[in-house]
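Here are the chains, one letter per residue:
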Amino acid sequence: MDKAPNKVVLILRKEWLELRQQRVLLLGMLAPPLIFAVMPLAFASFAGQNLMEEDANMPNLNDLIKLNPALEGMGPLELGQTLITQQFSILFLLLPVILPSVIASYSIIGEKTSRTLEPVLATPVSTRELLLAKCLIGVVPSVLITWLVATIFAIGLSFVAVSPRVLEAIISPGWVLVLLLCAPLLCLITVAATVAISSRVSDPRTAQQISVVLIIPIMGLFFGQLTGLLILSPILAVIGAIILALLAAASLWIASALFQRETILTRWS
Amino acid sequence: MVNAIETNGLTRKFGERVAVDKLDLAIPQGKVFGFLGPNGAGKTTTVRMLAALIAPTAGSATVNGHEVGREDTAIRRSVGILTETPGLYDRLTAHQNLVFFAQLYEVPEKRAIGRADYYLRALGLEERRNDKVGGFSKGMRQKLALARAVMHEPAVVFLDEPTAGLDPEASRTVRQFVKELRSEGRTIFLTTHNLPEADELCDLIGVFQIRLLQIGTPAHLRSLLFGRGTVIKTEGDASRWASVATALPFVRQATAQDGILSVTLDDPDAQNPALVHALVAAGASIRYVEPMAHSLEDVYLELLDEKNMG
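These protein sequence lines are chains F and R, in that order.
Counted from 1, the first sequence has number 26 at position 26 by this note's numbering; the numbering is strictly sequential.
Counted from 1, the second sequence has number 452 at position 183 by this note's numbering; the numbering is strictly sequential.
The set of hints was computed from the structure by calculation and includes no laboratory data.
Be aware that a few hints might be false.
Claimed, not checked - Taking lysine-lysine pairs in the BS3-like style, the calculated list, with each CA pair at most 25 Å apart, reads:
hint	chain 1	residue 1	chain 2	residue 2
1	R	K300	R	K448
2	R	K401	F	K112
3	R	K448	R	K407
4	F	K7	F	K112
5	R	K401	F	K7
6	F	K112	R	K407
7	R	K379	R	K401
8	R	K379	F	K7
9	F	K112	R	K282
Kindly generate the complete structure, drawing on both the sequences and the hints.
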């Protein structure tokens, strides 16, 4: 029997049809992951070949070794490569903020500016289905790209790492957990923030610029690790995931409150 | 006759501002209802309430037997809407736009494809079937949006300014399409500023400015405001025949201008012979006699004037 398809799937299909025709948008989505995959590997490779022994004997490095047991017993080259590459590995968490902000801002504000929201809202689609589709189109490709790029990075690192210990220290259980748990949650928060921002602005670029404010806490993590104040352990990853889950729940609640037929048609500027 | 749309004291406020005030309507099934009013009168707000897009602040309404506010999804399934702006996906083709929306209205894919082809043909867009909508003219977009509004074969269709900004040819196609929808038995709720169009298409007209000022058939509204009458073209100056006409007991009013005598009567069919006889007897040489026709524009402006004067 010819059956009506699921509306969420239908909207996702339509979004994909539109998305793949926007070359600038696709470029904006693909450029950061490529940079994020290549740059850390290039630095890792450089550090593995060129770090001087005297650099590894600096007093602050000794402090870092005390804070991070994974570094204990490493030779100077291993230590240098691990410390430099670990900093870049945190930057992978920027992708779950950058990518969904690009997709969601075009997906939601695009509908708003082309005035397609009213005809869509006039159909029997529920606002929950519509919001779910908008979230999925922002979250799913972003998470998949993040994981794909992280996998490429891990595989690439296995070739340039000066020893297996370096690989284990960088591709640590904490890092893997952060990517598996925190990346999807960061995507959700970004999409929810974009929905909230979309109720006030009418330009996708403005929405992107505002939503990338979410990068700030991640940069905090980056500098925390750089200074040795934070070590990306499994416990820290789980704590981070719990905090992000709470934030994601709160931001989705706000987004769904703003994403109502009445509110969209009468209050969205 | 069963009413497709009924409202009782339907009211919508935005903060302290009243957009729609105690609207009472009863629109029978299969009729074209013209909803006339100036910009900012609350027409779009009314349509949005009836299409279950926004909730009323007070009062009640039923559309296709479903109550607004209680059975909103059922209402959305059974109505089609042409919004003020077409709101189409520019990167999708005409066909993809129609099929996507039909499927959102729960039309199975095969049927949606068939209907999309049918309506594209009906509106003269079949050659642009696979072209992206971004390259369409305003008229083509409007026609496509109109097709989208009926892809799920709704019983009630809301059309918000369907011919606004269209060239005469596109306007005629749209009007023809509206007539076809009416002939299929659909109820059409048409908001428009185009008064000749309303006159041509509508069985029933409501003049509205925050509240309903008057409702009736176009002929009823004309007679209600201006009475019925007869226009008589005489040889030479007609002003001297005005007094002859006014002297007749059944004449309500007679005025002359540019050789034309306009006489207001209660029952022109019965009273015209006596009127013509009296004028001829007084020496008038009559060139022609025809019914007095007030345009819908006269009716509309008169009603708004009355409202504005309090």
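Right, here's what the structure says about each hint:
| no. | hint | verdict |
| --- | --- | --- |
| 1 | K300(R) with K448(R) | holds, 10 Å |
| 2 | K401(R) with K112(F) | holds, 19 Å |
| 3 | K448(R) with K407(R) | holds, 21 Å |
| 4 | K7(F) with K112(F) | holds, 19 Å |
| 5 | K401(R) with K7(F) | holds, 23 Å |
| 6 | K112(F) with K407(R) | holds, 19 Å |
| 7 | K379(R) with K401(R) | holds, 21 Å |
| 8 | K379(R) with K7(F) | holds, 16 Å |
| 9 | K112(F) with K282(R) | holds, 24 Å |
Consistency with the previously given hints is maintained throughout, with no hint failing.
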